[in-house]
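Student: Following the hints, complete the assembly by docking chain B onto the known chain A.
Listed below are the residues making up each chain.
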Amino acid sequence: AQRVTQPEKLLSVFKGAPVELKCNYSYSGSPELFWYVQYSRQRLQLLLRHISRESIKGFTADLNKGETSFHLKKPFAQEEDSAMYYCALSAGNQFYFGTGTSLTVIP
Amino acid sequence: GAVVSQHPSWVICKSGTSVKIECRSLDFQATTMFWYRQFPKQSLMLMATSNEGSKATYEQGVEKDKFLINHASLTLSTLTVTSAHPEDSSFYICSARLNSYNSPLHFGNGTRLTVT
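Residue numbers (our numbering), protein chains in the order written: chain A, 1 to 107; chain B, 1001 to 1116.
If you are wondering where the hints come from, they were derived from the structure by calculation, not from laboratory data. Everything numeric in this text was worked out from a predicted model, so none of it was measured. Using N, Cα and C, we set each Cβ at its ideal position, and we do this for glycine too. Certain hints may be false.
With a Cα cut of at most 30 Å, we get these calculated BS3-like pairs of lysine-lysine [to be verified]:
(1) A:Lys-9 with B:Lys-1041
(2) B:Lys-1014 with B:Lys-1066
(3) A:Lys-57 with B:Lys-1041
(4) A:Lys-15 with B:Lys-1066
(5) B:Lys-1066 with A:Lys-22
(6) B:Lys-1041 with A:Lys-73
Computed footprint of chain A on chain B, listed as stretches where at least three residues anywhere in the stretch have a Cβ under 8 Å from a Cβ of chain A [stated by the list, open to error]:
(7) 1018-1030
(8) 1108-1114
Pulled out of the complex, with its shape left as it was, chain A reads as follows (with noise of 0.2 Å):
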């Protein structure tokens, strides 16, 4: 069953607008919830978790287990925010990745 779903496999935003990358779990216990980024020739690495609840380059998620989302968010894109975005969910040992959304901001 897929677990993390990201509706959007590519995404394009005029530099300044705001971007919101859509990603939607299916999990019955309390997952914890991540976004990976990668940027291009680069490995993948942490934004953010939901547990933590703070900002990591201007883009914020708030987990909403009424909805069971998730999504990234940030109010003015940057072209340097071009890059491939992942949604990520632990349940114990197993870790569970969306398709990714690629982003790209046009200047």
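Tutor: Frame of chain A; chain B shown alone:
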């Protein structure tokens, strides 16, 4: 902290030969390491979960005799692609996590394997 080193970064080998890829957690101990395969412009495909001191858990469709995983210590896991074929050419990525519940994954830089 939490650095994962993967070696080699790229390798070219001939069909029929075997290639070993190493994944090391440099500054932490990792009971569990994960091996992924990534196709161009596509998501990560989990191949197997490597558990220190025990057999790896392979995902459906991944041949365990072809992709041998050894996790002999808390800081090292290896993936050996045996009798490699051109279709095994891909980007292989390892990741490790701290030994705490629901801790995040930390990724290696990946290994680009090309089988000629």
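Student: Against the structure shown, which of the earlier numbered hints fail to hold, in ascending order?
Tutor: 4, 5 and 7
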